[in-house]
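Chemist: Sequences listed follow chains A and B, in order.
1 is the number of the first residue of the first sequence in UniProt numbering; add one for each residue after it.
1 is the number of the first residue of the second sequence in UniProt numbering; add one for each residue after it.
Heads up, some of the hints might be wrong.
As the list makes no split between identical chains, a pair holds if one copy fits it or if it spans any two.
[Said to hold, decoys possible] Distance condition first, Cα-Cα at most 30 Å in a straight line; then the derived DSSO-like pairs of lysine-lysine: (1) K105 - K257; (2) K105 - K248; (3) K333 - K276; (4) K257 - K276; (5) K257 - K280.
It is worth saying that the hints were derived from the structure and are not from the lab.
This structure is a prediction, so every number in the text was calculated from the model and none was measured.
There are 2 protein chains.
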Amino acid sequence: MTSTELQATIARMGTAARAASSLMAAASTSAKNHALTALARLLRESAAPLAEANRKDIAAAEAAGLAAPMVDRLRLTEKVIATVAEGCEQIAAMPDPVGEITGVKRRPSGISVGQMRVPLGVFGMIYESRPNVTIEAASLAIKSGNACILRGGSEAIHSNLALWKLVQAALTEAGLPADAVQLVQTTDRAAVGYLIASPESVDVIIPRGGKGLIERISREARVPVIKHLDGNCHVYVDAEVDLELALKVTDNAKTQKYSPCNAAESLLVHEAVAAKFLPKIGAVFAAKGVEVRGDATVLALLKDVPQAKLAEATEQDWSEEYLAPIISAKVVKSVDEAIAHINRYGSHHTDAILTTNHPNAMRFLREVDSASVMVNASTRFADGFEYGLGAEIGISTDKFHARGPVGLEGLTSMKWIVLGQGEVRT
Amino acid sequence: MTSTELQATIARMGTAARAASSLMAAASTSAKNHALTALARLLRESAAPLAEANRKDIAAAEAAGLAAPMVDRLRLTEKVIATVAEGCEQIAAMPDPVGEITGVKRRPSGISVGQMRVPLGVFGMIYESRPNVTIEAASLAIKSGNACILRGGSEAIHSNLALWKLVQAALTEAGLPADAVQLVQTTDRAAVGYLIASPESVDVIIPRGGKGLIERISREARVPVIKHLDGNCHVYVDAEVDLELALKVTDNAKTQKYSPCNAAESLLVHEAVAAKFLPKIGAVFAAKGVEVRGDATVLALLKDVPQAKLAEATEQDWSEEYLAPIISAKVVKSVDEAIAHINRYGSHHTDAILTTNHPNAMRFLREVDSASVMVNASTRFADGFEYGLGAEIGISTDKFHARGPVGLEGLTSMKWIVLGQGEVRT
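Let's have the full structure, built from the sequences with the hints guiding it.
Modeler: Written out as structure tokens, the structure is:
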């Protein structure tokens with residue numbers, strides 16, 4: 001395809017998505033739920049063709065010498081298919097966000113003013129590797145009454161095409177427009193460039209993938225972007241704290257899984273408990289092979305921990321998202337210093353205070369400028385399912401529109417409605 | 001100032017605003033209200049120096065041959081000063097939006113998850129002519145716990161500087177950081193370019209002014225923008241309608257004032273009532289000198305109205321924001337055609353249906369994709385004061401974050417809070 005043809009293709013898809021979005025915005029809850037339950041059924045019935053398509057992607061990935069963890073993320077196992085099918089049914093069971101009317105108040109002029117929740121319109125989803133995102137994005141689009149244009153990774157193209165055909169069939173079965181969920185069928189990277197520069201047909205772009213992808217999209221997009229770049233999450237252990245709780249939560253936040261964006265990457269400890277707490281958590285980390293990059297006080301307190309992997313933290317370490325068995329650690333003099341450090345070096349994703357002191361808990365909640373702020377809980381809870389959103393299309397570290405895990409409501413906006421009886425402005 | 005110096009100045013202001021925004025986010029409601037009531041008092045006490053500064057701007061504008069309406073918009077009359085002083089007191093009397101906690105729910109894991117309203121951080125306000133915007137923006141920034149950087153029109157620079165000095169004094173009197181409200185003191189237009197490209201220090205830009213200014217900012221901004229470009233507002237007169245009500249509301253929407261963005265620019269009439277309604281509203285428009293640009297049916301129905309000013313509507317007329325005694329008019333076959341026309345040609349600002357038919361009212365409310373959608377009320381009500389927001393910093397026709405009139409809440413966002421007792425993820 002020439003670049004002119006590709007641009008025309010993306011433009012045609014945009015026009016079709018815009019038309020489908022009007023029908024989706026007006027679609028009944030029962031039609032949307034019908035499509036979602038049909039999709040769950042079709043996924044379960046299609047194990048064989050999905051496996052066949054997935055085998056092509058796996059073979060190509062292995063032939064291209066992709067690293068094993070990358071190949072694993074491509075796999076559409078029976079378990080993955082069962083999980084996404086169940087996800088569709090869970091979204092069908094959730095309340096329809098569209099049409100909710102809130103806060104209607106009578107004004108002195110006589111008019112009643114309130115707000116109605118409506119779909120955003122068309123979103124573009126740009127993602128890498130994991131083909132299950134195709135179904136997650138499609139199902140959230142359907143329930144929230146949006147149309148979407150999906151652009152998956154080229155390495156998953158056969159799997160994505162097979163999944164998308166099921167979405168088309170489910171939409172058609174429910175009497176909804178098939179163009180409500182479209183898939184970019186070329187692996188040409190220029191398609192992304194055209195998609196993110198089409199404000200006339202795309203209302204928002206949601207990228208999910210590596211930092212390089214997200215930086216490129218943020219830089220070049222001419223439409224709003226819901227994104228997070230980094231998850232440099234902090235755990236701050238306050239002066240007054242239940243040490244058992246602090247050990248358990250810090251351990252979980254860092255070591256339960258190393259790769260998620262809500263895993264802790266930096267530990268701050270108040271000087272009043274540093275001598276008690278740090279050797280204990282240091283021993284836990286040493287047992288699990290977690291390297292500690294600390295300031296001088298941390299290193300001194302950990303020097304007698306058997307098998308501890310220690311290094312001196314550089315300035316860069318305070319900003320680092322390791323996604324690995326490494327944690328930076330610093331001793332601070334006060335909750336103020338902890339808050340200032342987090343607001344300066346953090347990525348506005350998720351940060352937790354562990355404390356028994358109520359004023360400090362409240363100050364941390366109010367003053368840490370992050371999408372999720374926690375008291376006495378593991379940062380690993382920052383997740384759409386754990387928050388009760390049913391599903392998440394992504395996590396936002398922007399302050400605009402949607403912060404943190406973005407579910408169905410993040411794919412909608414509130415318009416004003418005015419109900420009158422012939423009132424005029426004087 | 002060289003462009004390097006100017007860039008450094010804007011960067012310094014940004015750093016100072018960022019620092020001030022942390023203090024403002026944590027400021028007490030009483031300190032913020034103290035600053036607002038002090039500002040109201042200082043405005044009332046400063047009639048003489050404000051008039052003196054304003055005279056310089058007026059004289060320069062007249063010497064430069066500015067049109068009389070432009071010069072009028074510059075005037076800081078006693079009435080304007082009294083109004084903005086009263087506005088500060090009204091904002092002081094409003095509830096503090098910051099710190100509101102909503103929707104806290106216990107999750108199966110044991111954590112409680114909810115949301116807390118917090119300031120956006122730093123906003124940049126770019127505006128033209130009317131110096132009272134300086135006080136409106138400053139007072140909304142103070143109450144919402146944000147810092148702001150103001151960039152008024154060069155023609156109002158002396159007035160803006162005089163007003164801003166009062167804001168500085170009020171902040172200082174209340175023990176709040178003076179840098180919470182800064183004014184760009186040079187009239188060099190390059191300052192705008194640096195300001196809108198500073199995501200590290202500015203969270204959102206709010207432009208208020210002509211279409212040229214707003215288009216330039218939308219194109220060049222590297223931070224989110226809250227804006228509206230056009231107000232092509234529609235009144236649709238449905239088949240089943242109270243004709244008296246329709247006449248009164250249509251008249252008000254078009255003729256109560258011609259220049260506001262919420263004035264009606266286009267009239268759609270169902271064919272079932274066209275022959276009854278159009279000659280009547282045509283006579284009203286003729287009496288007030290309003291030109292009607294109609295389709296063939298409209299022109300035929302208005303041809304016998306004495307003194308009617310008629311023209312055939314071109315395709316361009318359906319998209320036009322006249323801000324003048326001109327209205328486009330079209331006869332439609334159904335509410336569907338009306339909705340489709342509005343969604344195609346409108347500017348997503350404010351649109352009204354006049355009807356006695358409940359299903360049509362509900363369909364219009366749901367399906368018209370605009371920031372404000374009205375039933376049986378004049379589009380002129382689309383306004384922060386009329387909606388009960390107390391004040392507005394601007395009107396947004398974007399779908400993201402804030403739609404329609406933007407008041408204190410539009411200058412905040414919701415972050416997630418998690419309250420635990422040591423829960424960990426399993």
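Chemist: Each hint needs a verdict: does it hold in this structure or not?
Modeler: Verification of the supplied hints:
no.: 1; hint: K105 - K257; in the structure: between (48 Å within a copy, 26 Å between copies)
no.: 2; hint: K105 - K248; in the structure: between (48 Å within a copy, 23 Å between copies)
no.: 3; hint: K333 - K276; in the structure: within (15 Å within a copy, 79 Å between copies)
no.: 4; hint: K257 - K276; in the structure: within (26 Å within a copy, 71 Å between copies)
no.: 5; hint: K257 - K280; in the structure: within (20 Å within a copy, 72 Å between copies)
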